[in-house]
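Novice: Protein sequence lines correspond, in order, to chains A and B.
Going by the working numbering, the first sequence opens with residue 8, and the numbers climb by one from there.
Going by the working numbering, the second sequence opens with residue 2, and the numbers climb by one from there.
Please keep in mind that the hints were generated in silico from the structure rather than gathered at the bench.
Note that CB positions come from ideal geometry on N, CA and C, so glycine has one too.
Hints are supplied without guarantee of correctness; some may be wrong.
Unchecked claim - Using C-beta positions, here's what the derived DEER-type ranges look like:
#1 A/Ala-46 x B/Glu-509: 40 to 48 Å
#2 B/Asp-363 x A/Asp-44: 44 to 52 Å
#3 A/Glu-62 x B/Lys-640: 56 to 64 Å
#4 B/Ala-794 x A/Glu-62: 23 to 31 Å
#5 B/Lys-362 x A/Glu-56: 46 to 54 Å
#6 B/Ala-339 x A/Glu-35: 53 to 61 Å
What the hints assert, rightly or not - For lysine to aspartate or glutamate, the following EDC-like pairs were computed, each having C-alpha atoms within a straight-line distance of at most 16 Å:
#7 B/Lys-34 x A/Asp-44
#8 B/Lys-34 x A/Asp-47
#9 B/Lys-608 x B/Glu-632
#10 A/Lys-14 x A/Glu-37
#11 B/Lys-326 x B/Glu-483
#12 A/Lys-15 x A/Glu-37
#13 B/Lys-151 x B/Asp-162
#14 B/Lys-34 x A/Asp-29
#15 A/Lys-59 x B/Glu-747
#16 B/Lys-34 x A/Glu-51
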Amino acid sequence: MIPAQGKKEALEHFLSEFKNLDVLPAEEKEVLIVVTDTADKNEEELLLEKLKANELLGHITMVFGSDPEKIKN
Amino acid sequence: MPLGAQQSGSRHWIEQKLTRMVSKNQSRRAFLKQLATASALSAAASMFPGVMFAEEQIKNIAYSDLNWKKSPCRFCGVGCGLLIGLKEGKAVAVKGDPASPVNKGLCCVKGYHSVMALYGKDRLTKPLVRKNGKLVETTMQEALDLVASKMKSTINEHGEDAISMYGSGQWTIPDGYVASKFVKGVIGTNNLEANARLCMASAVTGFMTSFGIDEPMGCYEDIDHANVFVLWGNNMAEMHPVLFSRLLDNRLKRDVTIIDLGTRTTRTSMAADRSFLFKPQTDLALANAICYEIVNNGWMNERFVSKHTTFKTGKTDIGYGIEEKFKFNDEAKASSLAAYKTFLEDYAPEKVEKLIGMSAKDIKYLASLYGNPNKKIMSLWCMGANQHTRGTWINNLIYNIHLLTGKISTPGNSPFSLTGQPSACGTVREVGTLTHKLPYGVVMKEGARKKAAEIWGVPLENIKAKPTHHTVSMFRALDRGEIKFMWIQVTNPMVTMPNLNRYREGAEKDGRFIVVSDVYPTPTTDVADVVLPSAMWIEREGMFGNSERRTQHFNQLIDAPGEAMSDTWQIIEVAKRMGHGKYFPWTEENHIEEIWKEYTKFHAGKKHGMASYEELNKRAGVMWPFVEGKETKWRFNTKYDPACEKDSFDFYGKPEGKAWIWERPYEAPPEVPDNEFPFWLNTGRVLEHWHTGSMTRRISVLHQSVPKSYAELHPDDAKRLNVRNGEKVKLISRRGEIIMDASINERGKPTRGQVFVPFFDESLLINELTLDAYCPISKQPDYKKCAVRVEKA
Ligand code: SF4
Numbered sequence: 008m009i010p011a012q013g014k015k016e017a018l019e020h021f022l023s024e025f026k027n028l029d030v031l032p033a034e035e036k037e038v039l040i041v042v043t044d045t046a047d048k049n050e051e052e053l054l055l056e057k058l059k060a061n062e063l064l065g066h067i068t069m070v071f072g073s074d075p076e077k078i079k080n
Numbered sequence: 002m003p004l005g006a007q008q009s010g011s012r013h014w015i016e017q018k019l020t021r022m023v024s025k026n027q028s029r030r031a032f033l034k035q036l037a038t039a040s041a042l043s044a045a046a047s048m049f050p051g052v053m054f055a056e057e058q059i060k061n062i063a064y065s066d067l068n069w070k071k072s073p074c075r076f077c078g079v080g081c082g083l084l085i086g087l088k089e090g091k092a093v094a095v096k097g098d099p100a101s102p103v104n105k106g107l108c109c110v111k112g113y114h115s116v117m118a119l120y121g122k123d124r125l126t127k128p129l130v131r132k133n134g135k136l137v138e139t140t141m142q143e144a145l146d147l148v149a150s151k152m153k154s155t156i157n158e159h160g161e162d163a164i165s166m167y168g169s170g171q172w173t174i175p176d177g178y179v180a181s182k183f184v185k186g187v188i189g190t191n192n193l194e195a196n197a198r199l200c201m202a203s204a205v206t207g208f209m210t211s212f213g214i215d216e217p218m219g220c221y222e223d224i225d226h227a228n229v230f231v232l233w234g235n236n237m238a239e240m241h242p243v244l245f246s247r248l249l250d251n252r253l254k255r256d257v258t259i260i261d262l263g264t265r266t267t268r269t270s271m272a273a274d275r276s277f278l279f280k281p282q283t284d285l286a287l288a289n290a291i292c293y294e295i296v297n298n299g300w301m302n303e304r305f306v307s308k309h310t311t312f313k314t315g316k317t318d319i320g321y322g323i324e325e326k327f328k329f330n331d332e333a334k335a336s337s338l339a340a341y342k343t344f345l346e347d348y349a350p351e352k353v354e355k356l357i358g359m360s361a362k363d364i365k366y367l368a369s370l371y372g373n374p375n376k377k378i379m380s381l382w383c384m385g386a387n388q389h390t391r392g393t394w395i396n397n398l399i400y401n402i403h404l405l406t407g408k409i410s411t412p413g414n415s416p417f418s419l420t421g422q423p424s425a426c427g428t429v430r431e432v433g434t435l436t437h438k439l440p441y442g443v444v445m446k447e448g449a450r451k452k453a454a455e456i457w458g459v460p461l462e463n464i465k466a467k468p469t470h471h472t473v474s475m476f477r478a479l480d481r482g483e484i485k486f487m488w489i490q491v492t493n494p495m496v497t498m499p500n501l502n503r504y505r506e507g508a509e510k511d512g513r514f515i516v517v518s519d520v521y522p523t524p525t526t527d528v529a530d531v532v533l534p535s536a537m538w539i540e541r542e543g544m545f546g547n548s549e550r551r552t553q554h555f556n557q558l559i560d561a562p563g564e565a566m567s568d569t570w571q572i573i574e575v576a577k578r579m580g581h582g583k584y585f586p587w588t589e590e591n592h593i594e595e596i597w598k599e600y601t602k603f604h605a606g607k608k609h610g611m612a613s614y615e616e617l618n619k620r621a622g623v624m625w626p627f628v629e630g631k632e633t634k635w636r637f638n639t640k641y642d643p644a645c646e647k648d649s650f651d652f653y654g655k656p657e658g659k660a661w662i663w664e665r666p667y668e669a670p671p672e673v674p675d676n677e678f679p680f681w682l683n684t685g686r687v688l689e690h691w692h693t694g695s696m697t698r699r700i701s702v703l704h705q706s707v708p709k710s711y712a713e714l715h716p717d718d719a720k721r722l723n724v725r726n727g728e729k730v731k732l733i734s735r736r737g738e739i740i741m742d743a744s745i746n747e748r749g750k751p752t753r754g755q756v757f758v759p760f761f762d763e764s765l766l767i768n769e770l771t772l773d774a775y776c777p778i779s780k781q782p783d784y785k786k787c788a789v790r791v792e793k794a
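Please build the complete structure, drawing on both the sequences and the hints.
Specialist: The following block contains the structure:
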């Protein structure tokens, strides 16, 4: 996540209140890594909506790890 | 120690920190979280090179005990070496290969998630045949029988030139080689093209006209020697992210300046030391203005120029290929340094600053970087220069700058044309899967035809001496009905052709038979009569060739799903059914090795020798020319290139070993904004998506990251149109219209009067609006410039 200008600390604080995510702030750059851990798609989407709606957030880029058991031919 | 400090100090990339093993009893959920964190860290590293995260935060990040195997990345032309983590017969994880000199363990967000592209829910696993207007499942045997019989009957009724094959820079080298042998050598038509015509044909004609031989003289190692990097219309931060990280990594360690030249502000501009915006098409004038400064400030390397170059002029006012059966042949005439100096008079910075939209002061600053004898300099470019109605010319002009200063073919002095696809160089340029090419030389040359006939074991008269259709011309011929059968492999022209409406209607006309080999349904499979499911990437064995002349081999690591078959073997099966099996006498087990042995006969020698199959198998890629067990890193330089026969430099592709400095003027593009269509339309790509998105849109993380295409507007234009971020706008050109979300002050910012749209989204086909004008020399279309109107929707 890239915070709105000058809002990195405030965004970190805001994120710390969510139970279903971990935050890794970069040390010198305006970027935070947020790892979400949601039970299902619904919870994931709700969380994402809440995060996106917050004005402390400037930009979000999403990446993901995968579960081999879910991979089916 | 913070990670970034290590990264900058000893090139220990983030990924190397993430390879510790997790304990066996760790829960799956924790493992997944770690994988996700690892991916995010890598993405952050490629977006913010030098980014640091506290050691304690990453110490538990790891991969489990997977079985790791090497492969080049499936996606871009950087050609990163990957290690693919295998588990239970599936590819489940990716990390950068520390043994690969390309990426040294790093990878970008696309590479990281590349294996997910193998497992999309709608993967094509069975062949489909159109019956009563609908695609229905059939068996592979029946589908291949049908393709062979249709090809045969088309040839019998209408002749060889009624059939065509359209491939790709994502073809493996064996795919392209077998296609070339089959179409040109066995069937006997030059109707063979590849989508690389759309992305780097101008690079090829640039090399051929300036040096008489294709592909960069330098290599990625130049990045570790250069002091100045000038990026000509090249958003490297998104399109070549791992290489861009290497530039930035060097900047952390040494005296390095990065200059971004472009027509819009991008992530690359943000990371560069200086960013200059020029008006579309005026890069031609800018390059000439730099040369003017070099010549008039005494920065020319006179000894180099007199010993190793010669001056040429070509035709001017050369057209744009818009006319239906447009023909053009350039003619090189001898010129001189004196005549060249006179030609440059029109490009004094003060004379062209208005045209270019850059101040004379800035132009002079740029020229001084090239002119400074104490600075080593690299120019890098890709689509901005190549997708250009004067693409060959701008390639020539960048070479002119390096030739005038003698800053070429030495470590760190390097004009470097980058490619977009993983094997645009390996398969299309080296194998020669274009209408005029053969694996060695061009069809017009009898010697090249003789060599091919001999190696292929086909009658010489099979190989025709006249090129037929380049890509745009081929789709026009399909529309007109001169071509009746087209086999398309690993590419998606129903998203990528410019002026798309015309070519889609042409493909759908009665009397056309379209075969498409692919891994997912696409707008191109929508127009197909037969769809063949392909084995993808590591589901088969193959080789790719990247931007720095590096060939990389990969083994089959997993099974292909259902009846999916490699493109190489599909062609061989069809050839056998047509009675041509004797030309492809290989087994499924040994065919890739045998093809490699046969193919490399074309390139034997010091100028293009390739590594053996065994060597490729062992190493994380080998650069050609590979001579006596050694890679040639800098061609044309006697110190490094064993093919040189002269002192210091030998541009042996040209007579007398001299490179050509061309007089190429500025000429305006064919369609410019006017009262009715007042905006420039520029199209391109985004970091997360691979070209038309047929693979990356099926990787949920990449898809969610950029789920749909958008129209970037300058904030002032948006204000004037009363459009806010995310609101709908309608773009209208003379050829089509589209409604999409406006993007203001987000990823990129176009100049006023310009709109930028990425082309990855098949539900928002921006190429319905683009113009099918092309460079008359390279025949590569210009996707960067046409005129549109923008309205609030
Ligand atoms: S930079 Fe290109 S080759 Fe490297 S990992 Fe990314 S997409 Fe793959």
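Novice: So if I understand the rule, the pair passes when the alpha-carbon distance is 16 Å or less; does B/Lys-34 with A/Asp-47 pass?
Specialist: 15 Å, holds
Novice: I want to verify a distance hint. Is the separation of the beta carbons of B/Lys-362 and A/Glu-56 within 46 to 54 Å?
Specialist: About 49 Å separates the Cβ atoms of B/Lys-362 and A/Glu-56, which means 46 to 54 Å holds.
Novice: Return holds or violated for the Cβ distance of A/Ala-46 and B/Glu-509 against the range 40 to 48 Å.
Specialist: 46 Å, holds
Novice: When you check the alpha-carbon spacing of B/Lys-34 and A/Asp-29, does it fall within 16 Å?
Specialist: 10 Å, holds
Novice: In this structure, is the beta-carbon distance linking B/Ala-339 and A/Glu-35 contained in 53 to 61 Å?
Specialist: 55 Å, holds
Novice: If I claimed the Cβ atoms of A/Glu-62 and B/Lys-640 lie 56 to 64 Å apart, would that claim hold in this structure?
Specialist: Taking Cβ atoms as reference, A/Glu-62 and B/Lys-640 lie about 59 Å apart, which means the hint holds.
Novice: Check whether the Cα positions of A/Lys-59 and B/Glu-747 lie no farther apart than 16 Å.
Specialist: 14 Å, holds
Novice: Within 16 Å, alpha carbon to alpha carbon, are B/Lys-34 and A/Asp-44?
Specialist: Given pair B/Lys-34, A/Asp-44 holds - Cα atoms ~7 Å apart, limit 16 Å.
Novice: Between the alpha carbons of B/Lys-151 and B/Asp-162, is the straight-line distance 16 Å or under?
Specialist: 14 Å, holds
Novice: Mind checking the alpha carbons of B/Lys-34 and A/Glu-51 for me, to see if they're no more than 16 Å apart?
Specialist: 14 Å, holds
Novice: Need the status of pair A/Lys-14, A/Glu-37: alpha-carbon distance at most 16 Å?
Specialist: 9 Å, holds
Novice: For B/Asp-363 and A/Asp-44, compare the CB-CB distance with the range 44 to 52 Å and indicate the outcome.
Specialist: 50 Å, holds
The structure is consistent with each of the numbered hints, conforming to all of them.
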